[in-house]
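Peer 1: Residues per chain are reported as follows:
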Amino acid sequence: MTYDRVIIGAGMFGLYAAKMFGRMGQNTVVLEADSDAMLRASFVNQARVHNGYHYPRSMATAKQAGQYFGRFSEEFGDCINRSFTKVYATSTNFSWTNAAEFKAFCAAAGITCEQVDHRKFFNDGVVDGVFLTEEYSFDADLIRTKMMRELSSMDNVQVLFSHRVDKITRKNSHFIVTACGEEYETDFVLNATYASANEILDMAGFDPLPTKYELCEIILGEPSDTLKPYGITVMDGPFFSVMPFGCSDYHSLTSVCFTPHATSYDKLPTLKCQERSGECHPGCLQNCDLCNAKPKSAFHYMHGLMRKYLKSEYEFNYVRSHFALKLILKASEIDDSRPTVIKESSKDPAFVTVLSGKINTIYDLEEVLNG
Amino acid sequence: MDNKEKSMVSAIFYLGSDAEQTYSYIEKACELIDAMFEHYEIIAVNDCEDRSAEYLKLRYQESDRSAPLTIVNMSVKQGVECAMNAGIDIAIGDYLFEFDNINSGLPAGVIMDCFRKSAEGYDIVTASPREGGTGTSKLFYRIFNRFSHSRGKIGTDGMHLLSRRAVNRLHAINSYIPYRKAAYAASGLRTATLNYDPATKFVSVKDDRTGKAIDALILYTDAAYRLSLFISLFMFAIAAAAGIYTLVVYLSLKPVAGWTTSMAVISAGFSGMFLLFAIVIKYLSLLVNLVFQNQKYLVASVDKVQHH
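Same order as they appear, the protein sequences are chains A and B.
The first sequence begins at 705 in this note's numbering and counts up by one.
The second sequence begins at 64 in this note's numbering and counts up by one.
Note that these hints are calculated values from the structure, not bench results.
One should not assume that every hint holds.
To be verified - Taking lysine-lysine and the BS3-like style, the derived pairs with C-alpha atoms no more than 27 Å apart in a straight line are:
id : chain 1 : residue 1 : chain 2 : residue 2
1  : B       : LYS367    : A       : LYS998
2  : B       : LYS216    : B       : LYS275
3  : B       : LYS345    : A       : LYS1000
4  : B       : LYS275    : A       : LYS976
5  : B       : LYS180    : B       : LYS69
6  : A       : LYS1015   : A       : LYS871
7  : B       : LYS67     : B       : LYS345
8  : B       : LYS120    : A       : LYS971
9  : A       : LYS998    : B       : LYS67
10 : A       : LYS976    : B       : LYS120
11 : B       : LYS275    : B       : LYS367
12 : A       : LYS971    : B       : LYS367
13 : A       : LYS807    : A       : LYS1015
14 : B       : LYS275    : A       : LYS1015
15 : A       : LYS916    : B       : LYS120
16 : B       : LYS69     : B       : LYS91
17 : A       : LYS998    : B       : LYS269
Required output: the full structure, derived from the provided sequences and hints.
Peer 2: As structure tokens, this is what we get:
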């Protein structure tokens, strides 16, 4: 079968690209290894609609996030939780920033930041600045439903689940992508697989991206009545974040130190748990959230960290954990930036890889799709 | 059935220069803590002992311990007090075990004994060797305890156990803790000391002991105050005696002798004044550190060693 566009990966970026291609009238197929869309990193994350606060060491990332914040909040307004107050705090110790710098950074980035007394939220001495900010939480389940509804109304877009790509070959001016024994011929492949980006690049014979991998745990729990109306993030360093998880009744709990359970610096993710899982290996990454070899929860450590900072009335009761493999560009460790990476490995036929750590930077895709 | 304690504890280690000995000490301590507690974390403070830190990181990754290991790498060597303060600040445990000295000769059972003692209502428990410490350190502790008004007495120690409440209290009292054991004794919280017979010879950590001793005596005792008071009174006595003598000379009509007395008073007065100035300047420098110095220590990076 021949398609104008073949997209590998039905995460947020893959689906959004399919929608854009569909609107352009291009015959598009999305090949997804899992049984449904957005089951990995698009779902297993803090669900934060970034407005730039999270990147005080990278003004470029902050401004980019700020620009897309309004647009995303409008387009996906029915999939977003705006009903909470977002609190950012700078830690007294071990932070790469401080209250004065954070305030100046927000002013420079043009984002809301109102300093308040720490005593309402935090124990004495643990933070040097507390700020009320504007940030939302997206609901991946609602976004999935919305996106799939929109795509199903397009005759020229097909989304095929349980279609793991197992071969990519080049034939003259086309790529032939093989999944489930079927061949999909195209002159434009979009690799939107995030954590599997290098796996797909490797399969197609292209150079990998310089990345590292982290097996991350997001904890969902029930917030106490006092915590419920707030999302709280302590930054910038080995701290934590507790905030509403989309439109659900749960809050997510994450921490810089304890959320990552394992790290791999290899070209393809090599993790100890793969030996236990059986099916998963560096060249064939499975869904960590469905895996039997998931690590033991780090809830006690994350909760301990949260308790050290927050007053006792801001409580969080464990419900369940989700796991996903995250990909971090090695260059982003110094400034903590999360730029969207768009790599064109081949021009004619086109082979483009796109990845980003933030959901609301999907608009960066326009550069590829309209180009 | 799992009878492990449910409290979350942090074990903070000051890395020594001997990589293998340091790892072996940490491994042994962790084995004991692992047997006692369900959840614990290990914090290793690397005060420019990079070889020990690297060795620990490698060996820990190879081990099957599930507790997270955090290595705090200090930017420049800042001494055991600063380094351990950094370790305490990053710790998240309900209880903190401080291991300053890998040559403390701490016997196996002492860690649990300290925790049990803490459960009796002591926020700070110190394990102290029955034998060990140098003659000068013993003299220092004697002077310190003589002039200190703290409830607890300080001495040579091998380990401290602190409750989270104690850590919070200490940070509320001072933003900067230049000498932890004196601060613990002065915290006003209930403290206890358990004595132990060292399993191996106790060897003190090499540090800026003289500077630390002077700081501690000035900050946590009234020794300096008493000394300055004594000097003031002594100078007053000299001045008074000189005055009487001058009067006597004046009355006996021998003015040449008056010139000698004046010179004596002036030189003695200036000597005393300069001595007082020295103490005042020391006080002021400490006050500047306590009030204005926001950065307590400089940390280069924090490494997290993960298991899964």
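Peer 1: Decide, hint by hint, whether the structure agrees.
Peer 2: Comparing the hints with the structure gives:
Proximity of LYS367(B) to LYS998(A) is assessed by CA-CA distance (about 19 Å); at most 27 Å being required, the pair is judged to hold. A hinted pair counts as satisfied when its Cα atoms are at most 27 Å apart, and LYS216(B) with LYS275(B) qualifies at roughly 17 Å. Proximity of LYS345(B) to LYS1000(A) is assessed by CA-CA distance (about 53 Å); at most 27 Å being required, the pair is judged violated. Of the pairs offered as hints, the one joining LYS275(B) and LYS976(A) is violated, with about 46 Å between alpha carbons and a cut-off of 27 Å exceeded.
For the given pair, LYS180(B) sits about 17 Å from LYS69(B) by alpha-carbon distance, which is consistent with the 27 Å threshold. With a CA separation close to 54 Å, the supplied pair LYS1015(A) and LYS871(A) exceeds the 27 Å bound. The straight-line distance between the Cα atoms of LYS67(B) and LYS345(B) is roughly 49 Å, outside the 27 Å bound, and the hint therefore fails. Our distance criterion of 27 Å between C-alpha atoms is met by LYS120(B) and LYS971(A), whose separation comes to about 22 Å.
Proximity of LYS998(A) to LYS67(B) is assessed by CA-CA distance (about 24 Å); at most 27 Å being required, the pair is judged to hold. With a C-alpha separation of about 17 Å, the suggested pairing of LYS976(A) with LYS120(B) holds against the 27 Å cut-off. A distance of roughly 31 Å separates the Cα atoms of LYS275(B) and LYS367(B); the hinted pair therefore is violated under the 27 Å criterion. Of the supplied pair hints, the one linking LYS971(A) and LYS367(B) holds, its CA atoms being roughly 21 Å apart against a limit of 27 Å.
Proximity of LYS807(A) to LYS1015(A) is assessed by CA-CA distance (about 23 Å); at most 27 Å being required, the pair is judged to hold. The straight-line distance between the Cα atoms of LYS275(B) and LYS1015(A) is roughly 35 Å, outside the 27 Å bound, and the hint therefore fails. For the hint pairing LYS916(A) with LYS120(B), the CA-to-CA distance comes to about 19 Å; that is within 27 Å, so the pair holds. Pair hint LYS69(B) plus LYS91(B) holds up; C-alpha atoms about 21 Å apart against a cutoff of 27 Å.
The suggested pairing of LYS998(A) with LYS269(B) is violated, with an alpha-carbon distance near 45 Å, which exceeds 27 Å.
Comparing the model with each earlier hint shows violations of hints 3, 4, 6, 7, 11, 14, 17; every other hint is respected.
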